[in-house]
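Chains A and B, in that order, give the protein sequences. Numbering-wise (our numbering), the first sequence opens with residue -12 and increments by one. Numbering-wise (our numbering), the second sequence opens with residue 142 and increments by one.
In short, the hints are calculated from the structure, not lab data. Keep in mind it's a predicted model, so treat the numbers as computed, not measured. The C-beta atom is built at its ideal place from N, Cα and C for all residues, glycine as well. Be aware that one or more of the hints could be misleading.
What the hints assert, rightly or not - Computed footprint of chain A on chain B, listed as stretches where at least three residues anywhere in the stretch have a Cβ under 8 Å from a Cβ of chain A: (1) 301 to 312; (2) 315 to 329; (3) 366 to 375.
Stated by the list, open to error - Facing chain B, from chain A, some residues (calculated, C-beta under 8 Å): (4) Thr21; (5) Leu61; (6) Leu63; (7) Leu66; (8) Gln81; (9) Arg82; (10) Tyr87; (11) Pro89; (12) Ser93; (13) Val94; (14) Phe98; (15) Phe117; (16) Arg119; (17) Ser195.
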Amino acid sequence: MKPVPQMPAQTVAPPTATSGPTASPPAVEVHDLTVAYHTQPVLWDVDFALPPGRLVAVIGPNGAGKSTLLKAILGLVPLTAGWVEIFGRPPREQRARIGYVPQRESVDWDFPTDALDVVLMGLYGRLGWFRRPGRRERERALNALAQVGMAAFARRQIGQLSGGQQQRVFLARALVQDAALYFMDEPFAGVDAATERTIAGLLRELRSAGKTVVAVHHDLQTVREYFDWVVLLNLRLVAAGPVEQVFTPENLHTTYGGRLPVLTQAAETRLRRGTGSD
Amino acid sequence: MSAEWAIVLTAVLTAAACALVGTFLVLRQMALLGDAISHAVLPGIAVAFLLTGRLNSLPMLLGAGAVGLVTVALIEALYRTRRVAADSAIGVVFPALFALGVLLITTQAGRVHLDAECVLYGEIAFVPFNRLVWGGTDLGPRALWVLGAVTLLNAALVTLCWKELKVGTFDPTLAAALGLAPGLVHYLLMGAVSVTTVAAFESVGAILVVALLIVPAATAHLLTERLGRMVVLAVAAGGLAAVGGYGLARVWDASVAGCMALAAGVLFAGAWLLAPRQGVLARRLEHARRVRQLAGDLLLTHLAAADECPPGVPAVAAHFRWRARRTRRLLDELAARNLVARGPDNLLRLTAAGRQRVADFQDRRGQRHSGNGGDPTERPAAGC
Chain A
-12 MKPVPQMPAQ TVAPPTATSG PTASPPAVEV HDLTVAYHTQ PVLWDVDFAL
38 PPGRLVAVIG PNGAGKSTLL KAILGLVPLT AGWVEIFGRP PREQRARIGY
88 VPQRESVDWD FPTDALDVVL MGLYGRLGWF RRPGRRERER ALNALAQVGM
138 AAFARRQIGQ LSGGQQQRVF LARALVQDAA LYFMDEPFAG VDAATERTIA
188 GLLRELRSAG KTVVAVHHDL QTVREYFDWV VLLNLRLVAA GPVEQVFTPE
238 NLHTTYGGRL PVLTQAAETR LRRGTGSD
Chain B
142 MSAEWAIVLT AVLTAAACAL VGTFLVLRQM ALLGDAISHA VLPGIAVAFL
192 LTGRLNSLPM LLGAGAVGLV TVALIEALYR TRRVAADSAI GVVFPALFAL
242 GVLLITTQAG RVHLDAECVL YGEIAFVPFN RLVWGGTDLG PRALWVLGAV
292 TLLNAALVTL CWKELKVGTF DPTLAAALGL APGLVHYLLM GAVSVTTVAA
342 FESVGAILVV ALLIVPAATA HLLTERLGRM VVLAVAAGGL AAVGGYGLAR
392 VWDASVAGCM ALAAGVLFAG AWLLAPRQGV LARRLEHARR VRQLAGDLLL
442 THLAAADECP PGVPAVAAHF RWRARRTRRL LDELAARNLV ARGPDNLLRL
492 TAAGRQRVAD FQDRRGQRHS GNGGDPTERP AAGC
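Based on the provided sequences and hints, a complete structural model is requested.
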């Protein structure tokens, strides 16, 4: 594996002006986190804190450990070193407050089930062992499907939905979880324009409802439009903070090395010219 | 109960117990693991038989069930070292355990009545002779009781842990994030597969039991898009294969287990070919229908572009490099739907409905008459 450019991680302290008089715990706090599969570290000494109520993009090149970071925060992979806290407590104790949207390719879409049933799965944790979902749960699931514009497809077998529709079903499933903190693994990957608009609108709604969203994101062009915080990652943390402060050409260069794709280079030039500080 | 009924009922219960857990093996894409477990429990069966001198006793079920779980744990431990791939890990572990079982049986064959052939292929015809006697009362064939109990056990597991099995199969990451312990559910299922395999081996043997675990469930998967119905259909397909297989065995005077596996295979082949939505035939027809529709839309678009000098049939065929017969057939179909009209000069023109259809088609493609000359369908036909 190539050596990663050494650079001190630049972290920006959560703005104290916007948070209340009593400092509430950060939505996510990651402290000196290292994760290694076998001998290769996939995350190296990562350290940051995310304030609640923000839309946070996790960006970095392929193999930078973005998905692993989400899984480590969720407690789905063993941590080699360091710790994670969700709202000031270990993730294990906060399951009911966490919603998770996996990558679309991570499941078998030939599975014999329909959209409604997949959304209902989001309520399984709340039901506990052995109990089956009833009418109330079904109503909530239908509402969530309507919220993402998929009510008409409730009884459609999931393999017969388009990629964008499948992604919306996953989002509806996260919505019924009614969590305070959402983790999404590439929610915008390979979706059509209509779905992209739906998801972006949904993210804004979640934020105005006081929720925190942490999403792995690939499209550097839309980071400014969709998110207000950003975590730049390439095995090590490059920077974490508000978009306008840390989403800079210098940090992007450190994150991606010389491997910025052409399109993102174009976006970067736009950044250099000093357009847009929203 | 007559001996014949006992045999048929045993066969049906075997198939039902297998189909209940087999459904989840198929959906987890773990068919090979079922195969591995069914072979690897052999040393457990052999040791339990040597100790108790009985087939299908409780210690045998428990012992072999434990060996089944050890098999799964060994395979996963070996795979986790990443020195071998997942399928190789399975391929390394189960033949070793299976061979151990075969050696145990063949070296001890003189001492006990358990021959390798019976273990490998099963001998359901002996089922009526092995009775369960309780306090001096004959309660009937022992295998019937054991398989009945295992079927109930599997039905209870599937019913009680329905949503846990479902989410753990469809999306184990979500199951873990929800705190529904997919690992525990996985081992429960694998324990059930092990016990089922052991209970079933007397009727179908260690080799063919995999046919009952996998084939009826795979058949059901082709026939439905609901998990509940898939379980029911898998049990039904298994039962049908059991009864049909027994009938065939009577007619041909052949191995019951072999005939059951054959019947299950025939049912699968039928579903594979004829399933209403997912069958090969339905897929082919649907594909052909879509291709024909697209060809029709392309042809209409071509005619719309060539409005000023309408082409004849040969020009259209030459433009698309279609054979004359295909072109004529397509045009006949479009004419029948009143989209194209053939003038007295034998040239092809769009009707009003045809023009509307082209507009809709281009709308759907999101490129309504952009005027770029690059689209081959928009070039006017030659020879005008």
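Cross-check of the supplied hints:
no., hint, in the structure
1, 301 to 312, "holds (count 10)"
2, 315 to 329, "holds (count 7)"
3, 366 to 375, "holds (count 5)"
4, Thr21, "violated (19 Å)"
5, Leu61, "holds (6 Å)"
6, Leu63, "holds (6 Å)"
7, Leu66, "violated (15 Å)"
8, Gln81, "violated (11 Å)"
9, Arg82, "holds (5 Å)"
10, Tyr87, "holds (5 Å)"
11, Pro89, "holds (5 Å)"
12, Ser93, "holds (7 Å)"
13, Val94, "holds (5 Å)"
14, Phe98, "holds (5 Å)"
15, Phe117, "holds (6 Å)"
16, Arg119, "holds (6 Å)"
17, Ser195, "violated (25 Å)"
This entry does not satisfy hints 4, 7, 8, 17, going by the numbered hints stated previously.
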